[in-house]
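One line per chain: the protein sequences are A and B, in this order. Under my numbering, the first sequence is numbered contiguously, ending at residue 703. Under my numbering, the second sequence is numbered contiguously, ending at residue 703.
No wet-lab data here; the hints were simulated from the structure. Note that this is a predicted model, so its numbers are computed, not measured. Incorrect hints may have been included.
You can't tell identical chains apart in this list, so a pair holds if it fits in one copy or across any two.
Claimed, not checked - Within a straight-line C-alpha distance of at most 16 angstroms, the following computed EDC-like cross-link-like pairs (lysine to aspartate or glutamate) qualify:
1) K471 - D382
2) K334 - E87
3) K291 - D474
4) K471 - E423
5) K699 - D353
6) K349 - E397
7) K326 - E261
8) K349 - E584
9) K541 - E580
10) K162 - D121
11) K685 - D382
12) K195 - D272
13) K641 - D150
2 protein chains.
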Amino acid sequence: MKHAFLLAWLLTFGLRAAAQPATALTARLDQVSLTFALNAAGQPTYAVQLGGRPVVLPSRLGVALADGRGFEGALTLLGAETKDVDETWQPVWGEVRSIRNRYQQLTVHLQQPAAPGRRLDVVFRVFADGVGFRYEWPRQPQLQYFTVTDEHTEFNLPADHKAFWIPGDYDSNEYAYTSSRLSEVDTTPIKAIEKKAAPQRVQTPLMLKSADGLYVNIHEAALVNYPAMMLNVDRQTFRLSSQLVPDGTGTGAKAYLQAPEHTPWRTIVVADNAPAILASKLILNLNEPSKLQDTGWIRPQKYVGVWWEMQVGRASWSYADSSNIKLAGTDWTKLKPNGRHGANTQNVKRYIDFAAQHRIPGVLVEGWNVGWEDWVGNWKEDVFDFVTPYPDFNVAELQQYAAAKGVQLIMHHETAGSATNYERRQDAAYRFMQQHGYAAVKTGYVGRIIPRGEHHDGQWMVNHYVRTAQKTADSRLMVNMHEAVRPTGLHRTYPNWLANEAARGNEFNAFAEGSPPEHETILPFTRLMGGPMDYTPGIFKLQGYAAGAPQRQLHSTLAKQLALYVTLYSPLQMAADLPENYNEHLDAFQFIEDVPVDWDDTRILQAEPGDYLTIARQGKGTQEWYLGAITDENARQQTVKLDFLPAGRKYQAVIYADAPGASWDKNPAAYRISRQTVTSRSTLKLPLAPGGGAAVSLKPLAQ
Amino acid sequence: MKHAFLLAWLLTFGLRAAAQPATALTARLDQVSLTFALNAAGQPTYAVQLGGRPVVLPSRLGVALADGRGFEGALTLLGAETKDVDETWQPVWGEVRSIRNRYQQLTVHLQQPAAPGRRLDVVFRVFADGVGFRYEWPRQPQLQYFTVTDEHTEFNLPADHKAFWIPGDYDSNEYAYTSSRLSEVDTTPIKAIEKKAAPQRVQTPLMLKSADGLYVNIHEAALVNYPAMMLNVDRQTFRLSSQLVPDGTGTGAKAYLQAPEHTPWRTIVVADNAPAILASKLILNLNEPSKLQDTGWIRPQKYVGVWWEMQVGRASWSYADSSNIKLAGTDWTKLKPNGRHGANTQNVKRYIDFAAQHRIPGVLVEGWNVGWEDWVGNWKEDVFDFVTPYPDFNVAELQQYAAAKGVQLIMHHETAGSATNYERRQDAAYRFMQQHGYAAVKTGYVGRIIPRGEHHDGQWMVNHYVRTAQKTADSRLMVNMHEAVRPTGLHRTYPNWLANEAARGNEFNAFAEGSPPEHETILPFTRLMGGPMDYTPGIFKLQGYAAGAPQRQLHSTLAKQLALYVTLYSPLQMAADLPENYNEHLDAFQFIEDVPVDWDDTRILQAEPGDYLTIARQGKGTQEWYLGAITDENARQQTVKLDFLPAGRKYQAVIYADAPGASWDKNPAAYRISRQTVTSRSTLKLPLAPGGGAAVSLKPLAQ
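In isolation and in its complexed conformation, chain A is listed as follows (with noise of 0.2 angstroms):
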């Protein structure tokens, strides 16, 4: 539906006189409104209002080109038109069975006053709960084939307010968050994970809180052939300017496009309650629509695995000790076993039968190909083949047992940043895993991008993990990658990319320091924005695990290990920890047993990033409800209503809590289980330790 009164007014004012227009573009959605204006010096300019509350005062919009005629100064209004879109849709998993896509939709058209006569479109959808915008490049003779040098997108915020932000390396998100005043971000203190970002670059998605109560949430959506955008942050003026990731020249090159073309939208949610952030569905909106066909063989999972013994030091990823290994020529029958592979047969057959027993249904094995003796660190291509397993760990005998149990195992890939070496030999790859049963692999880019000078987070990296999505997809497999470009909500388009890693994950308690406790109460706010995380929750044995570190133990109780089930979602969970470990706790292990990765419905009960954290979730189709309370360092008594519940309806609740004296620090293992029956009309009130949590599981009662 074109809005007539606005074409009416460009056709008296605008397009007639050819000059710049005296009035701004306005669209608006319920209590969301957007302006677009040129400004005195001719540059398009943007601005975001909530209920009248300035979100973004006006900012300039811009792109800049190698050629030195790019989009950076004044531009012609040629037009622009309105529609308005409501539609819903149905992922094919997700938190919600059904999602409403409603927004105004603004197009402007822009073209450079003097040759080479350029043209620019830039499109804001405006939703109940946010703007997404993005620069378009329509097809036009006098601009086919051209590379971007910088974005001069900026978010110019009304006052100093608190963010919660990592680092803007391009090669690493896997940081913990630092939660400060605008005017304080300094990246100077943070070590560095790969690379050093400037002082005051940070990454997206970032979660900005105003002092009088509003909730901004900017980061991107649908992040295809073009780098990631990073954010400088003028500590004076409170202005985020976009900072694009380079590419491996070393020119300054951004990104190389060939129009028709767009950049990926850029992201602004805003409410005035932190809940409603959690709730946005802006993102998703802004995918595309499934590439897949036929999805039926795609399956939300959870999955135990070897690998949280060799991230706590107890196993070894490689089979031997030797370093100085080269992929091609070694006969590694020949080399002296270390003892201590992880990834052996019979050590597999453990998982796969504690998987069986607990109805898990995938086991990850990580270390079953060769290749680990050297392998991180090195800049070195051929570092991995991904068909040949190790000695000592037989592929088609656990094949067999695994299927005979009903279980099945979950391929890796690391590819220790050698992207190259792993784009050659994906065909082979993804065969060998087709030959032996496997349906799900986990990809990894630990170290260093070859091409070498490539980032993590550059146009060339993006567009490799986007064609591993539709590759894994074309071979019907399913996908997890690890130490990717943060996700912008590209599950929506490739449903078989469950789930990412791209923040800083449990493992971070195994070969580190680990996190604050508040660090899972912003995840949600920051990195799970642009879709789920391989957080691999779900850890008991809390202190005393990591070999060599017998001080090191996780910022959180058992009890908020199984809440994290529900607060961070995912449709793939690990079950983190050992099977030994959740043997010395099979009551507590129920939870996880029982709790869904696919959800029909889910309520944000209470949030506030940094703080805590409580989620509803109704599982797939079904009647049974699942709930997470967490906390920060501080203890809270969470009380929550159970009005979510149909009414009139007996559940019983089985709360998995904090025991009394329980806390992260000094008694984290301490957890009570109790059962209650409860209907809609019902109240739990949940005490949670300080780091700890509550999970409850809530199945209807026969009628």
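Position chain B relative to chain A; hints supplied.
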């Protein structure tokens, strides 16, 4: 065999004192001697002599590493050993049936005198016709992964030799040769093909001639996992120093290595006569034996192709004239055909018919696959998919048509330099070839390389070419690479790698002004030292062939075009002209039909770089001989003794010669075919026109 005296000497003087040896180490064979010594600064040096005449004066050796702890300074001589080798091997195909590999090897063990005490070996092989040497890094704890930033290999020449050179462009070798003194080397006036070289930087093989009649050729052998070596010329001192092609990061890195590893061989072929240079097998001998066990499927062959008509502008590679095409999402059947598409089914059948009529086994078809509308110059990654034919190219129909006539189509994979795209599609592309009866592929790398920043001749691409040779072999496919790095004898190791372009081919006469008549007299002394070239000779219509450039003509007579099939050795030879042009001269085409592409014996009868060349070869497994004689811009009468023929046997000689009055510029198509009976005691007088040549077939007469 160890030379006990040398070891004893070392134990006495070298190792025990851990001081620099007072005496040099020497290896020699016949007239060639090699001397290794540490200079006053303790740096390793070498020198080469031929019969007491200096070939290379004492010259520095050394390698710099990125960590600053390389092999540039003083080194300690740990020891040395020599061995003598004399063996004979049979190439899968080639210029001769059997090759003798006879050399004395001197291995010098060096170590850094201070921490980290890294070790470096230099291995010299002294042949009767020159020297090869390389750097080797043994396995050692103090050096595992390392990055080479410079190789300080020098060639100090004793005088201001005449040199035949092309600019040291990292991305192209398609230059005409300049003949000049070393003191006059200057690439400034030369138009760059890809990137401009530094003014005094030239490529190898570099052919040199001293004032007193020494012929010296400098190149490298077995270029694997290392960048190509170019040479910087010092015009005052006549010192050549190695310049490795850099990688794509812009950091100055040249090669990423892992010990144990070695560089390619640096080769110096030397003789007191020009034919001995061409007869040298030194470079082949320095390459590894074939990696392929079964080579029965490898078939040297002639071919025709849908190619010259595009080169001369009479047909197009593309199906449509649309520009700005994207590979993904384009419906090629909806494009408007331009009506000039060469690779259409009917046109291809014409070539198949011609090939079948004239015993030509192969038909190359370029432009068969989608993507040619704007393939070049855009640094575009997804440029071709290698499996989708244009709508007017019927793969199955042509496969059947060709097979019925005993002809095989040759596949074409132009990559436009997008090697990453090719690598990720190679598996599918080679499966497609196997499914459709293709046995050979011509690859191309026109344009800037992707991974962006990499060079055609850098380490990453060198590895790509070698991988492609191995990967095609794995699928039993032959390969012919265009725009790849110049060869270094790797066809011994990968005999399915039939040919390369890697120099200025005949095509420059089609789309540009071409090469001077001397060009083909220089190529065997330069580019062909490394391996066969797909030069695409055999143009019969020598004037008026280029659409839009009616004055353009070849710098060759027709008879010379025939002679090239003998003088430019290749197991893959195109008959490059159009069938209709051959049909005008079927009597001359008989030579192309007859001439083999694989040989039992070869005699370099007359040779002088830049002037003339006369070569006779005996067809593989036959008693037939073929002779080619060519000249530069000067007419010559060459007197050729046929004493290479078996004594006492009568042969019919068919002589394809320039007719009186022929010349490349005024009367190029004037040829005369004559027949005479000859024996080993006969002498032929071959009149060569300016830019002319002569071709002779010699078939034994029935006894």
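**Message:** Hints numbered earlier in the text: which of these fail when held up against the supplied structure?
**Reply:** Violated: hints 2, 5, 8, 10, 11, 12, 13.
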